[in-house]
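Chains as they are written, first to last, in numbering that gives the first Met the number 0: chain A, 0 to 334; chain B, 0 to 334.
Among these hints, one or two may not hold up.
Put simply, identical chains are the same to the list, so a pair is met inside one copy or across any two.
Calculated lysine-lysine pairs in the DSSO-like style (CA-CA distance at most 27 Å, straight line) [said to hold, decoys possible]:
#1 LYS196 - LYS26
#2 LYS196 - LYS327
#3 LYS327 - LYS291
#4 LYS141 - LYS55
#5 LYS55 - LYS262
#6 LYS20 - LYS102
#7 LYS79 - LYS37
#8 LYS233 - LYS55
#9 LYS26 - LYS184
#10 LYS37 - LYS102
#11 LYS37 - LYS327
#12 LYS262 - LYS291
#13 LYS327 - LYS55
#14 LYS164 - LYS196
#15 LYS108 - LYS141
Honestly, the hints are just simulated from the structure, not real lab data.
2 protein chains.
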Amino acid sequence: MNHEIQLVERPTAAPSHEHIKIVETEKPEPAQGEVLVKLLYVSVDPYMRGRMSNAKSYIAPFQLNEPMEGGVVGEVVQSKADSLSEGDIITGMLPWQEFTTAKADTLRKIDPELGPITTSLGILGMPGLTAYFGLMDIGQPKEGETLVVSGAAGAVGSTVVQIGKIAGCHVVGIAGSDEKTAYLKNELGVDEAINYKTEDVPSRLEAACPNGVDVYFDNVGGEISDAVYPLLNKFARIAQCGAISSYNVPNAQGPRMQSYLIKSSALIKGFTVGDYQERFNEGFNHLSKWLKEGRLTYEETITEGFENIPDAFFGLFEGTNLGKQLVKVSAPSNS
Amino acid sequence: MNHEIQLVERPTAAPSHEHIKIVETEKPEPAQGEVLVKLLYVSVDPYMRGRMSNAKSYIAPFQLNEPMEGGVVGEVVQSKADSLSEGDIITGMLPWQEFTTAKADTLRKIDPELGPITTSLGILGMPGLTAYFGLMDIGQPKEGETLVVSGAAGAVGSTVVQIGKIAGCHVVGIAGSDEKTAYLKNELGVDEAINYKTEDVPSRLEAACPNGVDVYFDNVGGEISDAVYPLLNKFARIAQCGAISSYNVPNAQGPRMQSYLIKSSALIKGFTVGDYQERFNEGFNHLSKWLKEGRLTYEETITEGFENIPDAFFGLFEGTNLGKQLVKVSAPSNS
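Given these sequences and hints, build the entire structure.
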């Protein structure tokens, strides 16, 4: 027996169980050049909300009545490809099916000796690379500058704040619970942490950024960003990574911000990690070096069970996760 | 006798006569190193609206009960400086006083043989340089790309569209009257011109940009920009020069646009011409070469009379000007 998670209706606001169905299917047969993969860990990410809509974007929409997909770690349980063997641990973009087939050359083999296999979905995967390239290429932080990070306790944000400290910045993190702000201050070493659910963000930000804001790494958009724009310094850089506050709000409205950009000659650049595909090795090398040196750390929030993937995904929009949100589907055979 | 135009109250919405007063004063005496200047032409520009407010910006606010100031062309009528003589035509940033004094080294002497003296306030002045640097440095137009320009029939926009054609772009200009769109099509050679006051901008833009939008030179912000964002191509560049639609609207609201930037990995960069001060010669050289070659042309809307400066300025927000809006204060002595 096999199960898959299908998109059955496109949400217009927050995604919920009515949009998603768990369907019983058959275990597929790998063709020549393919492998059969058992899912071990599934990554759920805010960007997937965009794929549930039918709008033109940088990545194709999910199809109705087809499985959703995303980054996973899995184990090869049957191989019809020379490059992979039974028992190999791989990562790739795969459908949300407990057992799934894939062409071997679309997967990357993980060496479990190098560290926990889940890091390939987090700090040594897309979130880590997103943090690295967005901050270094767009933000271009300089020693002594002020870096503000929204969604600072998430998978991307928690990496950004740490790279910001490595770069010598005054780092201000914004997150949605006292547990998260304590984590930012005590574990990640940010200079100031703001709980946007209980504190007045504009006044706290102004106090936390006495020299203004030089770099803003934005995961959330919305009212938090509205509070950052007036503080931008001349030639400030904003890496627009996400806008999770707007994803579930059709036609979200807010103050127009163009005048702030003109006043400060500031830059906003949207990006996705795929823009940097040709430089992924540079990113991996920096991230794994910092990780080995103990200059980077990470947290994971792991939900158990294939059937709980939807709830783990919905929880991203409530901010229930600290660090990288994963779902453990099953254990590797050798563990 | 002398007159000056003072700011007497800060506007919160549209500026009007209640905010400005014409005051009779005495003709000033130049000190050593200074000259006495008779104003010939005064430039009125949208950015001056920002200086009427007290908010922090790239340029200091006008002071209450002090003269407003801006770019002018004037004639030296008395000199106590070695570098300038009576009869010299100069340009500089000077107060709105019929007769005013200035340190000679803050003024630039114009050679009237090289062309009409008003061009130093237009195509060979700040508006021309603004167009050149915003388009070339931020927009980076490439042959065959689509360039959209808002405020396309103004002093800056009309230069941008022409440089866009020189760069080999498909150029779409947006302006506010049939006279202006006819000018854009017939005189400036744009490929498509849209009258935003009478046409449906979103549908007309979509039809005018069958290959999407690669570069957007934005003078206006607001609803016109809202219609451009959904059409942005991957890696599009927006030069945010102005946002005139919002200047007179306190707390202007609109759709949040961060998601569009993420979807297209697009960039918005605010700027002011002063950011490029060290490259002004490069800009002058290109603009004057193109002007001589007949590849650039320009229009001026000239209002007569010092006392009509306020109305000429207010008119910018109604879009009454075609090309550069100037006020002629008096004629040069030798004309």
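### Hints that the structure is at odds with (numbers, increasing)
Result: hints 1, 2, 9, 12, 13 and 15 break, sorted rising.
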